[in-house]
Amino acid sequence: MTGLRGKVAIVGIGEVPTGRFPETAAIYHAIESARRAIKDAGIKKEEIDFVMPTAALFSPQFNTELVTSRIVEELGLVNCKKNCQVFSGGSSGSCGLQMAGSLIVTGAAKYVLYVHADRLGTGVNLQEGIDLFSTAGISAEWEVPYGQHYSAIAALTTTRYKFETGCTDEQLAAVCVSNRKWAELNPNAFFKKPLTIEEVLSSKMLSTPLRAKMSNMLFDGGSAFILTSAERAKDLPNKPVYVLGEGGVVTHFVFSQEPDLCRFGWAKAAKEAFGEAGLSAEDIDVAEIYDSYPVYQLIGFEELGFCQRGEAGEIFMRGETWPGGKIPTTTDGGMLSKGHIGAGGGVSLIVEAARQLMGKAGQRQVEGARFAVETGTGGTYMDAQVTILGTEIP
Amino acid sequence: MGKIKKPLPVVNPWAKPFWEGARERKLLIQKCKDCEKFIFYPRIVCPYCFSENVEWVEASGKGTIYSYTVVVNNAPSAFIDDMPYVVAIIKLEEGVQMLSNIVGCEPSELKCDMPVEVTFEKLNDGFTLPKFKPAKE
Chain A
2 MTGLRGKVAI VGIGEVPTGR FPETAAIYHA IESARRAIKD AGIKKEEIDF
52 VMPTAALFSP QFNTELVTSR IVEELGLVNC KKNCQVFSGG SSGSCGLQMA
102 GSLIVTGAAK YVLYVHADRL GTGVNLQEGI DLFSTAGISA EWEVPYGQHY
152 SAIAALTTTR YKFETGCTDE QLAAVCVSNR KWAELNPNAF FKKPLTIEEV
202 LSSKMLSTPL RAKMSNMLFD GGSAFILTSA ERAKDLPNKP VYVLGEGGVV
252 THFVFSQEPD LCRFGWAKAA KEAFGEAGLS AEDIDVAEIY DSYPVYQLIG
302 FEELGFCQRG EAGEIFMRGE TWPGGKIPTT TDGGMLSKGH IGAGGGVSLI
352 VEAARQLMGK AGQRQVEGAR FAVETGTGGT YMDAQVTILG TEIP
Chain B
3 MGKIKKPLPV VNPWAKPFWE GARERKLLIQ KCKDCEKFIF YPRIVCPYCF
53 SENVEWVEAS GKGTIYSYTV VVNNAPSAFI DDMPYVVAII KLEEGVQMLS
103 NIVGCEPSEL KCDMPVEVTF EKLNDGFTLP KFKPAKE
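Line by line, the protein sequences are chains A and B.
Under the numbering used here, the first sequence has 137 at position 136, and the numbering climbs by one with no breaks.
Under the numbering used here, the second sequence has 21 at position 19, and the numbering climbs by one with no breaks.
Bear in mind the hints are in silico, worked out from the structure with no lab data behind them.
All values reported here derive from a predicted model rather than from experimental measurement.
Built from N, CA and C at the ideal position, the CB exists for glycine as well.
Check before you lean on any hint, since a few could be wrong.
[As the list claims (entries may be wrong)] Below are the BS3-like pairs computed for lysine-lysine, each with C-alpha atoms no more than 25 Å apart in a straight line:
1. A/193 - A/327
2. B/138 - B/124
3. A/163 - B/28
4. B/8 - B/28
5. A/205 - A/194
6. B/93 - A/163
7. B/28 - A/205
8. A/269 - A/163
9. A/163 - B/39
10. A/194 - A/327
11. B/39 - B/18
12. B/39 - B/8
[Unchecked claim] According to the in silico footprint, chain B covers these stretches of chain A (three or more CB under 8 Å from chain B):
13. 140-154
14. 376-382
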């Protein structure tokens with residue numbers, strides 16, 4: 002509950018393709034995403050008065066450039082009053098949206114440009130990526146010495162989730178297949194070749210029961226959105242995408258300290274967000290659920306109230322989350338198929354939710370979408386952030 | 003690949019008694035003298051009641067596996083030679099949770115909620131890591 006309900010709106014979105022682009026510079030993904038968002042919003046670049054770049058992980062040097070206003074200078078945002086980083090790992094988009102909204106409601110900013118870019122696909126090799134993610138967000142005293150890393154973390158949740166709910170490997174693979182169905186329709190996605198449950202289950206085992214094709218892969222990419230007041234939004238070309246509700250819970254820093262390894266804080270965050278919006282899961286047309294590994298997408302889906310606990314796997318198996326299905330879910334392909342670009346995993350989902358609500362999702366457009374939910378989580382699933390967006394204020 | 007040294011715990015000063023205890027093959031955790039709750043990992047203040055009145059106690063070393071995984075591919079560099087190895091979250095009898103490795107057990111024997119007990123593995127002269135093995139009947 003943040004008091005933003007219906008008061009602020011996303012009015013422009015921009016994104017560059019996710020992939021491996023060794024020939025370009027990391028800053029390109031930031032400034033091109035930002036340029037597209039400004040153009041899409043139909044505003045002058047001089048109207049941007051607050052730039053919020055979130056953090057990039059592949060290089061401290063590049064991140065320092067984002068912190069020290071390179072985007073402002075590159076794009077000539079001459080009336081920018083503040084350039085300030087907002088970062089909470091994978092939930093950066095959700096947290097940034099709330100902070101940007103608060104600035105707009107208080108009058109501290111008129112047009113906030115929120116932007117993410119990273120270069121984890123070409124900036125680091127596979128083993129460097131594994132090593133980066135065996136320390137980033139992982140306790141150097143209590144977990145790193147035991148060989149902890151993100152595949153093992155996802156596997157720990159998956160093992161327990163299977164034990165508690167009876168979820169099968171086929172159902173986990175069905176999440177990957179569902180996301181791929183959407184990615185096939187997304188020109189910005191990296192993986193566009195059809196995927197089958199058999200292919201997922203015959204891919205290399207990483208940390209039992211997690212297999213290679215159940216794991217996200219790291220890429221280069223970026224995305225951006227422009228937020229302003231609901232009042233200003235009315236005069237702009239895009240259908241305004243209002244923030245209707247938000248909820249959040251921070252549950253842990255050290256992964257092994259999480260008291261509920263396969264529920265986290267999602268139910269509480271969702272209750273808060275849906276409560277503020279005056280909506281429930283049944284009203285949602287598009288569910289953009291954070292998916293870094295399939296188990297987290299199943300958990301999010303259930304905890305948000307789209308079905309009972311333990312039922313999500315069957316729903317994904319039946320294709321109800323696919324294009325044309327009853328509950329279109331993670332419609333840009335998510336980190337599993339569009340590709341994981343770092344803190345931008347959640348930013349992409351906000352951009353995709355806005356894109357669907359604006360009616361600009363092309364081949365994968367969910368017809369008549371009015372309400373969307375987006376989820377984000379940072380670090381080792383340290384928090385549960387839920388945002389409800391819509392084209393009307395219920 | 004064996005040349006890459008294992009990452010040593012980066013010790014916070016207030017956690018030193020834990021690591022000194024581990025060197026003597028003792029599993030030390032904290033207990034709040036005010037609210038009487040057990041605390042792990044070591045804190046400067048009780049995270050439940052905010053009391054500074056916390057003491058060190060020896061844990062029973064018994065617990066159960068909350069969850070586990072067998073790492074068979076794509077391990078961090080320093081652990082490549084250890085594969086397959088088991089990463090697990092242990093729920094101690096005292097109610098606290100910790101990450102560790104399960105040793106002395108075939109991966110196929112692992113189950114959620116199975117009873118385990120602490121054992122100690124020396125890393126070098128400075129550090130011994132508490133690990134867990136299946137509990138004796």
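Hints, verified against the model:
no.: 1; hint: A/193 - A/327; result: 22 Å, holds
no.: 2; hint: B/138 - B/124; result: 22 Å, holds
no.: 3; hint: A/163 - B/28; result: 34 Å, violated
no.: 4; hint: B/8 - B/28; result: 22 Å, holds
no.: 5; hint: A/205 - A/194; result: 18 Å, holds
no.: 6; hint: B/93 - A/163; result: 18 Å, holds
no.: 7; hint: B/28 - A/205; result: 39 Å, violated
no.: 8; hint: A/269 - A/163; result: 22 Å, holds
no.: 9; hint: A/163 - B/39; result: 30 Å, violated
no.: 10; hint: A/194 - A/327; result: 23 Å, holds
no.: 11; hint: B/39 - B/18; result: 20 Å, holds
no.: 12; hint: B/39 - B/8; result: 33 Å, violated
no.: 13; hint: 140-154; result: holds (count 13)
no.: 14; hint: 376-382; result: violated (count 0)
Going down the numbered hints, you'll see the structure goes against 3, 7, 9, 12, 14, while the others check out.
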